[in-house]
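*Asks:* Work out the full structure, taking the sequences as your base and the hints as a guide.
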Amino acid sequence: MNRPTRIRLIAAGAAVAVLAGGVLAAPRPPSLSTTVTGDSDLASSLAAGVDSAPGVRDTLAAAVIEADDATFAGLGADENTEFEIGSITKTFTALLLAQAVERGEVTLDSPVGDYLDLGDSAAAEVTLAELSSHRSGLPRIATTVPAVAASLWSVYRGSDPYPYDVDDLIAHARASALTDRGTVAYSNLGVALLGQALAAAADTDYAALLQTGIFDPLGMTATSLPTADALPADARTGYSVAGRPAEAWTMSAYAPAGAIRSTVADMTVYAQALLTADPALGVDPATVLDPSGETDDGPLIGLAWFTQAPEDGTATWHNGGTGGFASMLALNRTDERAVIVLGNTAASVDALAMSILEEN
Amino acid sequence: MLALIPFLVLVAFVVGFVVAAWSPRIGAARDRLGLVMDGVIAAGLLLAGRMIVDWSTVSVIAWYALVALLAAGVVGAVLRWEKLPVLKDPAKRTRRTWGAGITAAITLGLVAVTNL
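These protein sequences, in sequence, are chains D and A. Quick note on my numbering: the first sequence kicks off at 1 and runs consecutively. Quick note on my numbering: the second sequence kicks off at 361 and runs consecutively.
One should not assume that every hint holds.
Stated by the list, open to error - From the structure, some residues in chain A lie toward chain D, with a derived Cβ separation under 10 Å:
| no. | residue |
| --- | --- |
| 1 | 363 |
| 2 | 373 |
| 3 | 423 |
| 4 | 435 |
Since the hints were derived computationally from the structure, they do not count as laboratory data. Since this is a predicted model, take the numbers as computed values, not measurements. Every residue, glycine too, gets a C-beta built ideally from N, C-alpha and C.
*Replies:* In structure tokens form, the structure reads like this:
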């Protein structure tokens, strides 16, 4: 074999190797499952509504909830499939606040510095109600240079952006300036502080407070708040909006802002308890659901729960999003009806849930 | 549009490697080290882009097109290899070698953090 021929063969072999590697390594973003579970009409609504937001879809599960009944459906998932519910967790933290007020452990106007060692920082004077209604003036997330760098890194890696213990959380709060206190500005840092303050006031930890205050009384046996260490190795994970696999979020000390894992069946129990003022809640749900504060300072908001402006509708709602999951729980309190939609990609399900609530 | 930026960066580097491997003049590789580094960067970015690019917006067909371009670049690089000096300017050996090493390390790091 002469030299030019040998070189051409090497070139052809290298090209084949690149092409074979390219085929093997080809990106495979998920696509919405066509496996229908539960009610076929509701499943059709899910399939028809996924174009309401950009991004990939994999599995979805939903329920149309009434006070004493529910209709379940799913695409590649069912009412017992576990999802991260993300920031809907904040509504649980708000409920724990209302329960703590009811028990006399705290008041809505108690400064968070009474429960956490925030020294003479600006954050110490913020009240628990302000934390829950996002009126504290605290930033959305910690703004220290290492925290911002870690946050950007986690976005890049698709990992949990909140690996911080309570001491770190307190340090983040101490380092934060307050901006436009009294105006609604969504803050994960604020709700995380609230959850840890409630745990401190009850002399326990946040997970235990959640278990004894809400999960156990309502019988939400498939709902949990696992730590990173306790998360099973085969725990369900999801995908980013772009279809990249995302790690589970357990969020450590920031868990009160978004780390609950649950199912549509359990979220249905939760929604029914809210709609019917179930005594197991320990408080009148209106204390968390009803908007409070000035109405000209941003969205209508109660303790964590948002209420649509009258011109947009009547829903009381909270959504959620983690690295690999999206969620939306919307209540029509007048008609005692609700919709929960959970997805295992970060593509928003807000419009999907709202449209199903309006349809029904 | 923002979601397309990683993809466009990827296209620029893969096309750049193809040009370096095949172009007779403009953009042509001047030496083997340059050609190898163009290939390493293009392949590395393609592997990183596998995880970074939104392949639901940019069709996966575009991935296969980029792989085909990379393969074409590799063919051109092999065919051109013998005609190129190792280094165009041996006086810059130390600087070029260090530069190539650092670039390769950064590229491999990028592949590792996006894919592992």
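*Asks:* None of the hints should be skipped; say for each whether it holds.
*Replies:* Comparing the hints with the structure gives:
no., hint, result
1, 363, "holds, 7 Å"
2, 373, "violated, 15 Å"
3, 423, "holds, 6 Å"
4, 435, "holds, 4 Å"
This entry does not satisfy hint 2, going by the numbered hints stated previously; all others are met.
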